[in-house]
Structure formats: C-alpha cells, structure tokens
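Chains A and B supply the protein sequences, listed in that same order. Note that the first sequence covers residues 0 to 132 in numbering that gives the first Met the number 0. Note that the second sequence covers residues 0 to 399 in numbering that gives the first Met the number 0.
It is worth saying that the hints were derived from the structure and are not from the lab. Nothing here was measured: the structure is a model prediction, and the numbers come from that model. There may be inaccurate statements among the hints.
[As the list claims (entries may be wrong)] Distance condition first, Cα-Cα at most 25 Å in a straight line; then the derived DSS-like pairs of lysine-lysine: (1) Lys1/A / Lys170/B; (2) Lys243/B / Lys2/A; (3) Lys13/B / Lys2/A; (4) Lys243/B / Lys223/B; (5) Lys223/B / Lys1/A.
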Amino acid sequence: MKKQIIPGYAVFVLALAISVGSVSFLGPCVHEDGTVGACHWASRALLGLGMLLSVLAMLAVLLRGARLGLYLAMCLSSILGILTPGTLISLCKMSSMHCRAVMQPAMTILFAAAGLAALCGAVICFREKKERA
Amino acid sequence: MKILPLSLKNLARKPGRTAALVLLTAFLALAVFGGSVVILSLRTGLQSLEARLGADIILVPSEAQSKVSFQNMFLQGTTGAFYMDAAVADKALEVPGVEKAAPQTFLASLKADCCSIKIQVIGIDPAKDFTVQPWIARSLTGDMGDMDVVVGCKVEAGIGEIIRIYEQRCKVVAQLEPTGTGLDTAVYCNMHTMDTLLAAAEAKGVSHKIASGDDSVISAVYIKVKDGYDIDTVNTALTGKLRKVTAVRTRSMITGVSDSLAGVSRTVSAMTVVIWILAFIILLLAYTLVVRERTREFAVLRLIGASRGMLGRMALLESALCGLGGGIAGTGLAAIGVFSFSALIESSLGLPYLFPGIGTILLLAAGTVLLSIAVSALASAFAARRLSRVQPGTALREGN
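Could you put together the complete structure from these sequences and hints?
Here it is in structure tokens:
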C-alpha cells in the first residue's frame, strides 16, 4: 500500500514545481513595454494544469479506492502539459527567447517526469489489484 | 553455476547499495557526456563561424568601429545599424588586392509582430555577395525576389508565411541551416527590399540618413582578398584610401572567439577531470567497504564450490553492470539537459554553439557508457581480488 502512494507524493512535488515555475523563473518572456505575448497565455494554462495535477496527486494519496483512475488521469494531464507550450498554444517565434529556451524545455521535462511517476503509480496499483483478485 | 543471473540477483537483493553505485557512475557519465557535448558544440560553432564569415576583411563605418558590438552581432545576434555611403563598395574594389567586395545593409526591426523583440534585417546584393549567398543557395533554389526574405534557423517562421517588418509584408521563401552564430536570428533580403524597408523605417522615425544626406547607404562591405596578396597590407591600404571607414580583419574576430572558446574548454575539461577523480575515489572507497560487508557471502559461495576466478569475475561483473546502468542513466540525463536547454547554454556562453553531427554524438554516448563500465570495473578490481581470495573457514569463524 505504501508503494502506491509514493508516486502520488512525487507527482505532487513536481506539480508544485510546475505551478510555481510557470509563473516565475520558468515562466514566459517578460516584455519591456508591458505587453503580453502568446507565451503568457501558455504559462497560464501550465499553471492551471500544474494545479490540477497537484490536486489529483493529493487525492491519489488520500483516496485508496480511486488511485488507479487518478493516476491514469495524471498521465493524460501530463501529456496535455507537454503539448501545451508550442503545440496547443503557440510561443514566441524566436528560439532564443525565454519561453522557448527555458519555459518549454523545463515544462516538458517536469511534465514528462510527472507522467512517468503517475504511470509507475498506475502500474503498481494495477499489479496489486490483480494480486488481490 | 552461471555468473550473470547470480550477479543480477545480488544487485537486486541490495537495492540501496546498487542504487548508490549506479548513481555515482551516473554522475561520472553525466559530467563526461555533458562536458564533451558542450566543448564539441563550441568547436563546431567556431568552424561554422569561420566558414560563414567567408570574407578576409569587413569594412564598417568608423562610428561602428566598436568591433566588440560588431562581433556581438555575429555571435549573439544583437541588433545594430550603422550606415555609410554605398560608393564605399566600388571604391574598395579599386584597391590593389581586392578581389570581391560585397555590400550589406543592416536594419534593426522594431518589435516584430512575430517575436516581440528586435530582429536584425540584412540586405544583400545577390549579384555581388559571396558570404551569405552560398548558404542561401542551399535552401533556396530560385532567386530571392522583391519583398521575399530568407530567415535564420532560429526565426520560427515557416516557408510561405508572411512576416511584417515596419508594417511591410515580407514573404518567407527559405530558412537557413543552423550556423550556431547570431546570424541564425537574422532575416535576409535583397537590396530592393531593403530600400523599401529603410523607407518604411524612415516613415516610422527610424532614420538611416548619413551626414551627407545621401539616401544610398550600406552598413558593411565584405572583402575577399586576391590570392598572393597579404591581407594585412590590403587592410592598411583600405584604411588609408577610404575615409571614415574602419577595416576589421575577420581573423582577429575569430581569434578573439577562439581564445574565449579555449578558456571555456579548459574550465569544462578541468571540472570534468576533478569530478572523475573525486567519483573514482568515492567508488574505490565504496567497493572497499563492500569487501567487508560481503566477506561471509563469498566464503559461503567458496564452500559450495565456487572457484576463486569465478568469484572475482562475479564481483567484476556486478560492478560492470552498475557501470552500465549508471552510464546509460547519466548519458541520458546529460542528453536531456544539454539538448533541451541548448538555446539557454548558447546565450549564457555568448559563443558560437552548434551541435556536432548525430554520428559523433552517438559515438560519444557509446564511449561514455564504455568508459563508465571500465572505470566502475577498475574501481572494483581491488575489491574483486580481495573477495576472490577469501578463506572460507577463517571468514566464517571470525563472523565478518
């Protein structure tokens, strides 16, 4: 049972890093004139996805019966997170800009790690469920 | 008794110890692969810069003689615009030893609608150009028409897309291959397009007029020196003949970059060596401690018929397996970091940065994994020797 909740904690920590990072040091480009570009809205979407992941992770730790489904939901949310900057929401068109040089790769890595952790959780839950059956 | 299954079981039975050894080797591999890719990319970038510059001398207006800022335009893609009389290109051709003179005009865009930052627009004369045209020809089969632009690889605009520069609609007709220099962030057009853009810039209050009030301006002239002529002599002749113009030898620019690169290479190499020495010492200590921990285990194996050679091989195989796991993990992590954050590394170093070919990278990765296995096995050689010489009776009596 302990094995089932460890991935939940891992996803929670990663989701917090995503949420905090997407609006701070891993965030979008800062424009001198105060205007916002598409990457600003991408970072807002990432913030939302990070918060969603953290809530799902906490629920996975607390709710024993729904863990498998929650882990699968986290996997799908992570895929959505990977696709958000650049694919679903466009970023600035110069690859040397902060949103492309820092935000996109960092968020891809964090969401991929969260997705892998969630997948591990799902596999553990599935195996233990199968053993019990 | 088969050694491999037994070694794998031994590693699985002590997950903490195995993880620690794998982690240490992974750290080694990460330092070697990451450091090597960065150094190789800097060297490839320098070669690309040399090939890309193509010219022996660059003429710029004296006001732009801040060679550093001119260098930054090439290395970091910072925008800059300075102008001189367009007749300078023709006058330069009159200097003995000058084979070709290709004018270029620079224009720093306003906040382009594509990027929210300024981009460098470079006007070239396709008939005279010998520096950018060969690169453009690789990506563009036809001619570059009026209001057509060719973008550097870092400008994320697809072919056929329209980008607006000073409210002028320019069609992207090709994208250049990466060079690892600041030129990757530039936009190229022909001189007619540049004239239109300069007029549009003028209307927006961005003046390009020179002191004489002449409208026909250029920013730089790229000079190719004839074979058999001394470049320094031609350089001096150009400076003497052309007023208010500075002649910059491209070699001096490249030498400056090369010196910076050597400094970075030395630092990265020194750090890698220090990490290797430290990690090797830690691995050596870890395996020495393992000897104490596993003496009884190996004594039992001796009692049930395992030969000394077999025990030695088993200890070496276990460490090699840890090396393999750590090597793959470390190389993978380094690859994720180095390739994902290449733009950040490039801008932090401020030097030409271009990844070597995929073949070189794969060879480097394979070499790093092999090196990790070798170092791991070497660090455990002493432990393997001690363990293979265990006296079963003594070891079991002493209860070690």
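Going down the list of hints, with the structure as the test:
no.	hint	in the structure
1	Lys1/A / Lys170/B	violated, 59 Å
2	Lys243/B / Lys2/A	violated, 75 Å
3	Lys13/B / Lys2/A	holds, 18 Å
4	Lys243/B / Lys223/B	holds, 20 Å
5	Lys223/B / Lys1/A	violated, 72 Å
When each numbered hint is compared with the structure, violations occur for hints 1, 2, 5.
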